[in-house]
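Enquirer: Protein chains in written order, with my numbering: chain A, 1 to 749; chain B, 1 to 235.
Simulated from the structure, these hints should not be mistaken for laboratory data. Glycine included, every Cβ here is placed at the ideal spot set by N, Cα and C.
Across the chosen pairs, the derived CB separations fall in these ranges: (1) A:Trp45 to B:Glu196: 26 to 36 Å; (2) B:Ala74 to A:Gly252: 33 to 43 Å; (3) A:Glu596 to B:Glu214: 51 to 61 Å; (4) A:Asp549 to B:Ser206: 54 to 64 Å; (5) A:Ser725 to B:Asp73: 49 to 59 Å; (6) B:Ser141 to A:Lys73: 29 to 39 Å; (7) B:Ser232 to A:Pro598: 36 to 46 Å; (8) A:Pro598 to B:Asp227: 35 to 45 Å; (9) A:Asp348 to B:Glu196: 32 to 42 Å; (10) B:Asn109 to A:Gly728: 35 to 45 Å.
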Amino acid sequence: MERRDFLKISAAAGATAALEGCGNPDHQLIRFVPEEDLIPGLATWKPSICTLCPAGCGLSVRVMPGDAEVVRKGQLGLLKMGLAKKLEGNPAHPINRGKLCPRGQAGLQVTYHPDRLKGPLVRTGRRGSGQFREVSWDDAIQQLVSHLSDLQESKSEGRLAFVTAPLRGQRKMIIDTFAASFKRSMAVEFAFFDDSVIRSANAASFGHALPPTVDMGESNYVISFGADFLGTWNSPVAQSLGFGQMRKGRPGERGKFVQFEPRISQTGASADEWIPVEPGAEGMLALSLAHVIIAEKQRPAAAAGHAGSLVEGWSQGLTDFAPEKIAAQIGVKPETIRRIAREAAAHDPAVALIGDAAVAHTNGLFNALAVNALNALLGSVGKPGGVLFGPVPAAKQPAASLESWAAQVNSGAAAVEVLLLYNANPVFAAPAVWGVHAALDKIPFIASFGSFIDETSALADLILPDHSALESWLEDTPVSGSGKVVVSVAPPTMNPLHNTRAMPDVLLEVAHRLGGESAKALPWKTYDEAIQASFAALYKEMGSKTAKDAEEFWKKAQEQGGWWSAEESRVTPVSGSSAGAAVKNSAPRFDGNPSEYPYYFLPFASQLFYDGSLAHLPWMQEAPDPLSTVMWGAWVEINPRTAEKLAIKQGDLVEVASPHGKLEAPALVTPGIAPDVIAMPVGQGHENFTRYATGRGANPISILSSATVEGTGSLAWAATRVTLSSVGQGKLILFGGSLSENPPELKHR
Amino acid sequence: MARQWGMAIDLDRCTGCEACVVACHAENNISTVGEEQAAIGRAKHWIRVERYYEGEFPDVTVKFMPVLCQQCDAAPCEPVCPTFASYHTSEGLNGQVYNRCIGTRYCANACPYTVRFFNFYNPIWEKPLQLQLNPDVSIRSVGTMEKCMFCVQRIKAGEIQAAAEKHELRDGEIQPACVQSCPTRAMVFGDLSDPESEVSRWAGSSRATKLLGELGTRPKVTYLQRDSWHGSEDA
Chain A
1 MERRDFLKIS AAAGATAALE GCGNPDHQLI RFVPEEDLIP GLATWKPSIC
51 TLCPAGCGLS VRVMPGDAEV VRKGQLGLLK MGLAKKLEGN PAHPINRGKL
101 CPRGQAGLQV TYHPDRLKGP LVRTGRRGSG QFREVSWDDA IQQLVSHLSD
151 LQESKSEGRL AFVTAPLRGQ RKMIIDTFAA SFKRSMAVEF AFFDDSVIRS
201 ANAASFGHAL PPTVDMGESN YVISFGADFL GTWNSPVAQS LGFGQMRKGR
251 PGERGKFVQF EPRISQTGAS ADEWIPVEPG AEGMLALSLA HVIIAEKQRP
301 AAAAGHAGSL VEGWSQGLTD FAPEKIAAQI GVKPETIRRI AREAAAHDPA
351 VALIGDAAVA HTNGLFNALA VNALNALLGS VGKPGGVLFG PVPAAKQPAA
401 SLESWAAQVN SGAAAVEVLL LYNANPVFAA PAVWGVHAAL DKIPFIASFG
451 SFIDETSALA DLILPDHSAL ESWLEDTPVS GSGKVVVSVA PPTMNPLHNT
501 RAMPDVLLEV AHRLGGESAK ALPWKTYDEA IQASFAALYK EMGSKTAKDA
551 EEFWKKAQEQ GGWWSAEESR VTPVSGSSAG AAVKNSAPRF DGNPSEYPYY
601 FLPFASQLFY DGSLAHLPWM QEAPDPLSTV MWGAWVEINP RTAEKLAIKQ
651 GDLVEVASPH GKLEAPALVT PGIAPDVIAM PVGQGHENFT RYATGRGANP
701 ISILSSATVE GTGSLAWAAT RVTLSSVGQG KLILFGGSLS ENPPELKHR
Chain B
1 MARQWGMAID LDRCTGCEAC VVACHAENNI STVGEEQAAI GRAKHWIRVE
51 RYYEGEFPDV TVKFMPVLCQ QCDAAPCEPV CPTFASYHTS EGLNGQVYNR
101 CIGTRYCANA CPYTVRFFNF YNPIWEKPLQ LQLNPDVSIR SVGTMEKCMF
151 CVQRIKAGEI QAAAEKHELR DGEIQPACVQ SCPTRAMVFG DLSDPESEVS
201 RWAGSSRATK LLGELGTRPK VTYLQRDSWH GSEDA
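With the rest of the complex left out, here is chain A (with noise of 0.2 Å):
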């Protein structure tokens, strides 16, 4: 190859200095050097977006010159560029304020993993064989539009399917128009951590059908029903500062924080006071407090406005669920109910929130509206120490669900043509009974936009690959975490390490190709025209007190990671939307007889792997779970009593069996667990997710029934009755196996 022939990107930004005394240009790492004479390199440090979970937090990635093995127009040669070292939280974002979860951090390893697909592929063999051959992008587009035209053309009775993970922001709109420009198209989002229900809930009690934001740094007392609120749910870095700021923020002032869960959480481990309730009795618990509150006049029955007039029996002060009468069924001692009740309504502002598996039983929104009631019932939804809403409106919620989309396949109700996959994995994610495995085989043709070969993709006849998030434009709108407007945005930080085309790119001018309505409808020519043309709509609406033109407001916001309101925006909660008959108690359903299937069946979201879209990143394979501390893994947790009663011993391999199917794992004995309850975290099991994932413990998710959560489409992933046995000998990697397990004296000095 020619010297000139070495392509030769910069940084697309800012000048980042060469390194001066570095022993070994392949890597440029400084060796031998003690401290002394340490010399340290210049760094750029860029914005950008987090795109792991639906927080939406900002980054600020450190990105340094190096050398990276590329291939480019099919030649490998060494190319200096600049490369993205670490992930940081923003400073400046509203979200996340410069702080970071471990799963974002390791972010950086989904843009340099070994197993990320390099360039289009086409199958070669029978599906799912994991047969592919490279092809061009020209001929990967062609093949896609060819198939695309025919349905635009309404030659077929077919449809179009996108199944893609929850969007917003222009990627939402890109993808929505992309659909609605074929006649018959389905768009479907999915994710196994939805917060369906409580966006329903909201919407009923507060009328903002959104997640809440939560005020957490102004509390005094905080109760949280099951909600993992510092670890995964809804807003958790936003959550982890915010709870910080009550427990050591405000001098002389210190919240309490109680939670309520069947299996201690990593977030119940920080609580001041964990109390085990009942699985699905979350809600009677929260319609307990309510009642000692209004019957001792601590609030009037009132205060909770609609949100409490939505539940039956509220205005005559909820005398079913004095604690004495349904304490037995709840699992909380009568005299416990009432001190939380008193201690809550006796150190303003409280709070309530309710997440997880408490809304994932069938009875998950009557819970939610429970908690919703007590929380309005407390004073402090839209109050400082609260929870917020908005203003972000919410996003029109997708017509179809997964579930119900996979039965019209499989019934022949929907005659799906072409189904395009985006930053989903429902082979994996979705339930086994839903049959999404047998939908995806009875469709002609499958493209998927994934990096990765998963379950899904693997089933894919065309794969498109995305550039990683660093390698992207980003634009994002978090609709929780702050109670400002938040608009994120950011340029690629830095240089396509393969040969990947954005998504967003990618059906733009698949879009062009066809011609006719989808050109039409998106007239971009890229992704980031799109974007500009969302921020001069955003400039037009808001102004700017520091940008003079929308130009410039277009270049501030670039290099601020986006853009904010300077003043929070508190929405005051207006009226809940459904006027219809009050809410009735309702209790929990399991699947599975209890004789037979003695044990509730808890899966829980991993604190590393998320919902198992992580699971191929080595750091968090090897980092310890915060409370097993298991590494390369998954276990099943069991109660001392349950695991003597059945003879399980720590590290035996055992089976659990649901209705559904089986799985086997290897046990876990931990006293934070409800001797009824089973537990496993969400994650592993992967069948078919790179080196580090494949074949690596077993996944929850297969085995659970297909309940749903009344009157909403989601799924009561916490409403499997499993039974339990040993069979062997397992596998469980402790990193504190080799620690003393007995807390060392800390004295006061």
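Fit chain B to the supplied structure of chain A, relying on the hints for placement.
Expert: Frame of chain A, contents of chain B only:
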């Protein structure tokens, strides 16, 4: 007097989230060792979150405690090193010069905090994962001991930057990666020789303790004990 770097960790704020653990891996080029090596206790985490269960169901409490090198003033690891790879820097760090290390592992045996990690193999980053490496931190080869040095590369960068900009180093201007990442702001870092620094003020808290302080190691990491709620039913 030279600066004396120290850290304070408020256990009432720590939620055990592991952000510091991943931040440390990213900043300091700590290699992952894989499943088999992890299973025999060879995983390297310069900072780890210890957790302690107390009590039986339903009266269970859990406590988290991040543990890293305590940068002892009377460090047991230093005098045992035959090659002066473990040494005390003028700013009070327990330094480790990797190319002096011959892998006797005496230091790790002497350390009561188990915060020194030995490289049983050469580290591997499967391509292109090596592109994530921080060029300011040397990678450690087989047979050497590695450990936390309060992100000495960040300390140096901060000192050089302040000198170039001709201003005094401000309290809080230098943050090790763990401190920078902490979502609850449970950790502070600074100069213990400055009584006005935040770390000095935290270290003077009535909740302040030292980990295994009775051993006489004089750690420069202070733990602030988890607090309890002082309110009442009718405060």
